[in-house]
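Engineer: Assemble the complex: chain A is given as a structure, and chain B must be docked to it using the hints.
There are 2 protein chains.
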Amino acid sequence: MIKTPYLLFLGDAPDMLAAKVAIGIKDWRPDASVGQFRMEGCQADLGLTDMTIDEAVAAGAKTLVIGVANRGGYISDKWKTVLIEALEKGMDIASGLHNLLRDEADIAAAAMMHGRTLFDVRVPMVEFPIANGVKRTGKRCLAVGTDCSVGKMYTGLAMEKTMHERNMKATFRPTGQTGILITGGGIPLDAVVADFMAGSVEYLTPDNDADHWDLIEGQGSLYHVSYSGVTMALVHGGQPDALVLCHEPTRTHMRGLPGYQQPSLQELRDTALALAKVGNPDCKVIGISVNTQHLSDDESAAYLAKVEAEMGLPTVDPFRNGADRLVDALADC
Amino acid sequence: MIKTPYLLFLGDAPDMLAAKVAIGIKDWRPDASVGQFRMEGCQADLGLTDMTIDEAVAAGAKTLVIGVANRGGYISDKWKTVLIEALEKGMDIASGLHNLLRDEADIAAAAMMHGRTLFDVRVPMVEFPIANGVKRTGKRCLAVGTDCSVGKMYTGLAMEKTMHERNMKATFRPTGQTGILITGGGIPLDAVVADFMAGSVEYLTPDNDADHWDLIEGQGSLYHVSYSGVTMALVHGGQPDALVLCHEPTRTHMRGLPGYQQPSLQELRDTALALAKVGNPDCKVIGISVNTQHLSDDESAAYLAKVEAEMGLPTVDPFRNGADRLVDALADC
Numbered sequence: 001m002i003k004t005p006y007l008l009f010l011g012d013a014p015d016m017l018a019a020k021v022a023i024g025i026k027d028w029r030p031d032a033s034v035g036q037f038r039m040e041g042c043q044a045d046l047g048l049t050d051m052t053i054d055e056a057v058a059a060g061a062k063t064l065v066i067g068v069a070n071r072g073g074y075i076s077d078k079w080k081t082v083l084i085e086a087l088e089k090g091m092d093i094a095s096g097l098h099n100l101l102r103d104e105a106d107i108a109a110a111a112m113m114h115g116r117t118l119f120d121v122r123v124p125m126v127e128f129p130i131a132n133g134v135k136r137t138g139k140r141c142l143a144v145g146t147d148c149s150v151g152k153m154y155t156g157l158a159m160e161k162t163m164h165e166r167n168m169k170a171t172f173r174p175t176g177q178t179g180i181l182i183t184g185g186g187i188p189l190d191a192v193v194a195d196f197m198a199g200s201v202e203y204l205t206p207d208n209d210a211d212h213w214d215l216i217e218g219q220g221s222l223y224h225v226s227y228s229g230v231t232m233a234l235v236h237g238g239q240p241d242a243l244v245l246c247h248e249p250t251r252t253h254m255r256g257l258p259g260y261q262q263p264s265l266q267e268l269r270d271t272a273l274a275l276a277k278v279g280n281p282d283c284k285v286i287g288i289s290v291n292t293q294h295l296s297d298d299e300s301a302a303y304l305a306k307v308e309a310e311m312g313l314p315t316v317d318p319f320r321n322g323a324d325r326l327v328d329a330l331a332d333c
Numbered sequence: 001m002i003k004t005p006y007l008l009f010l011g012d013a014p015d016m017l018a019a020k021v022a023i024g025i026k027d028w029r030p031d032a033s034v035g036q037f038r039m040e041g042c043q044a045d046l047g048l049t050d051m052t053i054d055e056a057v058a059a060g061a062k063t064l065v066i067g068v069a070n071r072g073g074y075i076s077d078k079w080k081t082v083l084i085e086a087l088e089k090g091m092d093i094a095s096g097l098h099n100l101l102r103d104e105a106d107i108a109a110a111a112m113m114h115g116r117t118l119f120d121v122r123v124p125m126v127e128f129p130i131a132n133g134v135k136r137t138g139k140r141c142l143a144v145g146t147d148c149s150v151g152k153m154y155t156g157l158a159m160e161k162t163m164h165e166r167n168m169k170a171t172f173r174p175t176g177q178t179g180i181l182i183t184g185g186g187i188p189l190d191a192v193v194a195d196f197m198a199g200s201v202e203y204l205t206p207d208n209d210a211d212h213w214d215l216i217e218g219q220g221s222l223y224h225v226s227y228s229g230v231t232m233a234l235v236h237g238g239q240p241d242a243l244v245l246c247h248e249p250t251r252t253h254m255r256g257l258p259g260y261q262q263p264s265l266q267e268l269r270d271t272a273l274a275l276a277k278v279g280n281p282d283c284k285v286i287g288i289s290v291n292t293q294h295l296s297d298d299e300s301a302a303y304l305a306k307v308e309a310e311m312g313l314p315t316v317d318p319f320r321n322g323a324d325r326l327v328d329a330l331a332d333c
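Chains as they are written, first to last, in our numbering: chain A, 1 to 333; chain B, 1 to 333.
Isolated chain A, as found in the complex (with noise of 0.2 angstroms):
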């Protein structure tokens, strides 16, 4: 596990798009992190303290997380000096990037020097098994999409949120980059090799209480010909008991895939349901989660009401009015 607080670096960020992965941690953990480092010229700002090393460890900082996605996941120079300047003064280091952390031999022999950790969270670090698709105790609910990028990741984050307001037993099981960063822990699925990606999920979503809820991060969408191989993983490795359906309806056609449109949510619903039964048989659809932050209130409101007429599902914007709805359904389930 990554130790908390965290000091969020955003580098030299050319805007607030390629602080993602900060801005994530800010929305979903506001506790965790006790300031922010910008490098000059950075154009994001996160509205936390502006800190430099000595400040941050002087507030009790844990580690360095690197918020910022940089054109080709690359580690510049400029970055190192900030990088080992935290190692020395006794932080680790968390990244997503493409390029390790590990791989720089600078940065790798100041952390060995120096006794900390690096987590370059893109990388498995453990040895996953090939699933063995027994049933485990206890719930899970998993989110899928009519695309990628359409809000699975703060679907789940918000069902937890609102299930732990309530004393719901729940945790949230990220699967991604930055679902790691924000919890502490989770599997960097896309990075799994293919005969052990249902195991790796089937490994981060055990046994567990009978009344608690493992809220399982998707990734990709079936409908989606680059990624549906690692959806069908988390259909069949998660056995899902609660499926909720992810859709972003200003898309024009499948992310990075202009040849492509989105299936209806209908379809959806209809093929993820199918194939989740082969590994559940009980697997519901409870309900339906828009990503609405290209429509105004008014469009917000009145895309959600003709959705959940033609679905006969509850359906909500999780981010901007709240999950109760969802978990409403859930407890129901």
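Some hints here could point you the wrong way.
Stretches of chain A that chain B covers, calculated by requiring three or more beta carbons in the stretch to come under 8 angstroms of a beta carbon on chain B [claimed, not checked]:
(1) 127-138
(2) 166-175
(3) 182-194
(4) 220-230
(5) 286-292
Residues from chain B shown here face chain A by an in silico Cβ test under 8 angstroms; the list is partial [unchecked claim]:
(6) G24
(7) A194
(8) L273
Worth flagging that the hints you see were computed from the coordinates, not collected in a lab. The beta carbon of each residue, even a glycine, is placed where N, CA and C say it ideally should be.
Structural biologist: Just chain B now, kept in the frame of chain A:
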């Protein structure tokens, strides 16, 4: 590409089943092997000429192929004596074992010293791209199964053989270790990192002549919860124009999963076709291949006739009766 002809190494195989890889090579590339190498106690016999390393080199063997799967995929010291002699005397070595040749210091050193190549076909040799889903020229046929190990590779190889006899343009495209050793090329899909699975299948089946068919080796099953993600990547990365359904009628449960039953051929047809149409709206199911090795001639004939009547599709055991009717259906496609 792995150089032929081969010397098939059977080691100290405890039975014929352990020599599955060598049997596949002998069945499908009868002219590719100059002989077999058997150690003391070997209980497998392909009926090829037994040869020492010197005799194999004199007969022109270019590559020693490890045709035996020992328990745990482990390379013993007794084996190493033979393998190193082969390297010293000028042969390459190809292996699909989990225990990689390159990870054995003495084998790696001998290969380097003598300028030989080690082919660990279980490990991808290239960095695959992420799938882009762009439509490719040429035609593709994919074998999908009700379960793992139901004859998908043999179906593809049998169809390729028949198509070549008819002077049709066709290439079997291996996606597993045995297929790679049989043909000398391909991708070990189960060892590819999740994000790149579909991209590796696109890489394997590039643009081709309009009348050329790739016969893509299937893996796993959409209904096998351990490996379904791998199968999904084939269905979407392969962009098949034609699907062949593969089945083994005597299984009592899914391979390795006592709690799971095989789907019906109707279920497999509907599920696989709907998913394949995401990548290629014109995809069709063209026939059924049944592995009837555990049935008598009469039982086999009756079973094939029954399935054909139920499904309304050409239904054959291509290994027993030839693949002509499947190829007829492809030619009509």
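Engineer: Verify the coverage statement for the segment 182-194 of chain A against chain B, using a C-beta to C-beta distance below 8 angstroms and requiring 3 or more qualifying residues.
Structural biologist: holds (count 6)
Engineer: Using the nearest Cβ pair, does B/G24 come within less than 8 angstroms of chain A?
Structural biologist: The hint is violated - B/G24 has no Cβ within 8 angstroms of chain A, the shortest such distance being about 20 angstroms.
Engineer: Between the segment 286-292 of chain A and chain B, see if three or more residues pass the 8 angstroms beta-carbon test, and mark the coverage as holds or violated.
Structural biologist: violated (count 0)
Engineer: Using C-beta distances, would you say chain B covers the segment 127-138 of chain A, given that this needs three or more residues below 8 angstroms?
Structural biologist: holds (count 6)
Engineer: How does the coverage statement for the segment 166-175 of chain A fare against chain B, requiring three or more residues with Cβ below 8 angstroms from a Cβ of that chain?
Structural biologist: Check failed, 0 qualifying residues.
Engineer: Please check whether the segment 220-230 of chain A has three or more residues whose CB lies within less than 8 angstroms of a CB on chain B.
Structural biologist: holds (count 8)
Engineer: May I ask you to test the interface hint for B/A194 with respect to chain A, counting a Cβ-Cβ separation under 8 angstroms as satisfied?
Structural biologist: holds (5 angstroms)
Engineer: Taking 8 angstroms as the limit, does the beta-carbon of B/L273 come near enough to a beta-carbon in chain A?
Structural biologist: Violated, because the Cβ-Cβ distance from B/L273 to chain A comes to roughly 12 angstroms (cut-off 8 angstroms).
Checked against the numbered hints listed earlier, the structure breaks hints 2, 5, 6, 8; every other hint is satisfied.
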